[in-house]
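There are 2 protein chains.
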Amino acid sequence: MANSKVYFTPGPSELYPTVKHHLTTALDEKIGTISHRSKTFIDIFKSTTDHLRSLLQLPDDFQILYLSSATEIWERIIQNAVIEKSFHLVNGSFSKRFYEFSGELGKQAYKVEAGLGEGFYPANITVPSDAEIICLTHNETSTGVSMPEEDIHMFREKNKNALIYIDGVSSLPYPVLDYSKIDSLFFSVQKCFGLPAGLGVWIVNSKVIDRAEALLKKGISIGTYHTLPSLLSKAISHQTPETPNVLNIYLLGKVIEDMLHKGGASALRKETEAKAQMVYQYVERSSVFSNGVADARLRSQTTIVLNTTIAPGEVNNVLEPFNMAIGAGYGSKKESQIRIANFPAHSPEQMEALVKILETKLG
Amino acid sequence: MANSKVYFTPGPSELYPTVKHHLTTALDEKIGTISHRSKTFIDIFKSTTDHLRSLLQLPDDFQILYLSSATEIWERIIQNAVIEKSFHLVNGSFSKRFYEFSGELGKQAYKVEAGLGEGFYPANITVPSDAEIICLTHNETSTGVSMPEEDIHMFREKNKNALIYIDGVSSLPYPVLDYSKIDSLFFSVQKCFGLPAGLGVWIVNSKVIDRAEALLKKGISIGTYHTLPSLLSKAISHQTPETPNVLNIYLLGKVIEDMLHKGGASALRKETEAKAQMVYQYVERSSVFSNGVADARLRSQTTIVLNTTIAPGEVNNVLEPFNMAIGAGYGSKKESQIRIANFPAHSPEQMEALVKILETKLG
Chain A
1 MANSKVYFTP GPSELYPTVK HHLTTALDEK IGTISHRSKT FIDIFKSTTD HLRSLLQLPD
61 DFQILYLSSA TEIWERIIQN AVIEKSFHLV NGSFSKRFYE FSGELGKQAY KVEAGLGEGF
121 YPANITVPSD AEIICLTHNE TSTGVSMPEE DIHMFREKNK NALIYIDGVS SLPYPVLDYS
181 KIDSLFFSVQ KCFGLPAGLG VWIVNSKVID RAEALLKKGI SIGTYHTLPS LLSKAISHQT
241 PETPNVLNIY LLGKVIEDML HKGGASALRK ETEAKAQMVY QYVERSSVFS NGVADARLRS
301 QTTIVLNTTI APGEVNNVLE PFNMAIGAGY GSKKESQIRI ANFPAHSPEQ MEALVKILET
361 KLG
Chain E
1 MANSKVYFTP GPSELYPTVK HHLTTALDEK IGTISHRSKT FIDIFKSTTD HLRSLLQLPD
61 DFQILYLSSA TEIWERIIQN AVIEKSFHLV NGSFSKRFYE FSGELGKQAY KVEAGLGEGF
121 YPANITVPSD AEIICLTHNE TSTGVSMPEE DIHMFREKNK NALIYIDGVS SLPYPVLDYS
181 KIDSLFFSVQ KCFGLPAGLG VWIVNSKVID RAEALLKKGI SIGTYHTLPS LLSKAISHQT
241 PETPNVLNIY LLGKVIEDML HKGGASALRK ETEAKAQMVY QYVERSSVFS NGVADARLRS
301 QTTIVLNTTI APGEVNNVLE PFNMAIGAGY GSKKESQIRI ANFPAHSPEQ MEALVKILET
361 KLG
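Top to bottom, those sequences are chains A and E.
So that you can map any letter, position 138 of the first sequence is 138 in this note's numbering, and since no number is skipped, the others follow by simple counting.
So that you can map any letter, position 109 of the second sequence is 109 in this note's numbering, and since no number is skipped, the others follow by simple counting.
Derived by calculation from the structure, the hints in this document are not laboratory data.
Values in this document were obtained by computation on a predicted structure and should not be read as measured data.
Please note that the accuracy of each hint is not assured.
Any copy will do: because identical chains look the same in the list, a pair fits if it lies in one copy or spans two.
[Unchecked claim] Listed below are the simulated DSSO-like cross-link pairs for lysine-lysine, each with C-alpha atoms no more than 30 Å apart in a straight line:
#, residue 1, residue 2
1, K160, K217
2, K85, K217
3, K234, K107
4, K334, K234
5, K96, K262
6, K30, K181
7, K356, K30
8, K234, K39
9, K361, K39
10, K356, K262
11, K262, K158
12, K270, K5
13, K20, K5
14, K39, K334
15, K107, K218
16, K111, K85
17, K20, K30
18, K217, K270
19, K234, K111
20, K234, K5
21, K46, K5
22, K20, K39
23, K356, K39
24, K96, K39
Here chain A stands alone, though its shape is the one from the complex (with noise of 0.2 Å):
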């Protein structure tokens, strides 16, 4: 049964419009069928390497790899650079997991927290001076508070031992980076990008892949397959160590292509901050949401969190006629507030509609 229904939801979320033709096309070309060491493939990781690296504007330092999720990210991160101790700023479930990984890794972590909703001022935090990474979220998505790049820039000074790195799971590439302040990012293929789930990129300096290899000469367990000399030993002739998501590498080189030319980056931007205004602009008039993020400087402009007076699944009842979806809120706020990802694959006009449908119906 077709489902034509858009979603809102903040991952998994709406394809980016071009990735039906795109899939239909690797089918046809057989993309899901060739070796992964074969001269395609190779092919296929390069022209996606040089258009992400295009798209965000990377220096030549930063190596790009693929991993299966964030979440694996996550550990590998752990894994390939603290010897002991990191350090996290925590705001909502995906931080916090990231900062609970390090302790099941037998590290000890530190971290400064802050409310559901809230999120961090720079200036009043101090990272202990033994931290040996620093690990700040972009984009909360449980809570749709983001840290200003200003904000993540001001680490660097501080902090010069430290290697940093940002979770940019859901708002790559909305954020403009200061590559000479952070040493690592990453992100997730069904956020912003659009894809189907089962790839994550890790981007790493040459300070990042450093470290792993001098805790590997420390004779420090740093992993198997996805420890980063062994990810690189493979990504310099274009290729992965196992056998990867080869569809869906494909089709984020494809997709980013696409982004290249509709404008790049900026013209993404753009138009996420002038999607995001409607419905920012619509919460200030509604009797029934209010915002979820009390600072207006940390709101996500990619993925929207409100408090809400009706009951999420009550709102899905009044879009289910118009064929749209958002997300309940995440973990303690899923009856409490609603979230609504506005991702590159939303289009200005059904955000829009979107609005109108809510503003109509429920004021």
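Put chain E on the given structure of chain A with help from the hints.
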């Protein structure tokens, strides 16, 4: 450019004939868009798991878990079961890599090694009594050497305390296993299940689960999101800890459903053996190819490896006008062997055509 070539490469390989249809349906139903916490996903997880349980005739004591690749499963096996020592039979690149993972994770790995193209005779093998796990490869994809099921079953009696793991990556669902004689098995979907790569399936009994929990209780780190307790805590409600490759879990269920309609595993086995016979009988007559595996009893039914006097590239040049391709040998055998995948996706007609062309053109 459409590609109509038939690939006899040993994985990724031909997609199962119904995959294209199921993928089209999946797109129409927006399976790539739905949340991995939704009722729709829960139904998919349950359906795929039920179909696989039925195909493999798994006892209730065994649980089915979804990870990203068989390579990942090698790592998770060691992490979730070994305090000090693992034991491995090594006779090719893949069984060797599994063995190496143990050392890379800081464990001590025992091995009994056989030459390339050679297998094992369990009556002659003594597993050290302090080995905590025994890792056997049913079908070594790099050399085409299989371990007959009755040989696998011999390990239990002499090794009552060690857990027994079967790598069935390139043979499942072909082997007929006695589940009272093994504790765990695993495969990846891009071999005999004819799917695009990006999903590994790990099957474990309660002893394997108990072992992981015992390690955790001792304070040993067994990983993070993909520890057995974490995987099981979600599997119990038909979910995964992370956002998984939803599309592939869906496709796996659909393909297995098709296999069940075609007579299930016993029909698959019969067809597989008939197709393998076509190749092995031709080899007896061939002046170009000879068996890569000397002992006929150990010759694989699913990945047929042959010595060749003509370079694999030349063999593929001969096959090119007929729109077919075989795999080259693996590693040091790259130029002196060919590998022919004999998976359920390869029809008897296709295998017959391949053999006929090889015989007519090369002798």
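**Asked** Checking against the hints above, which ones are violated?
**Response** Per hint list: 5, 6, 11, 18 violated.
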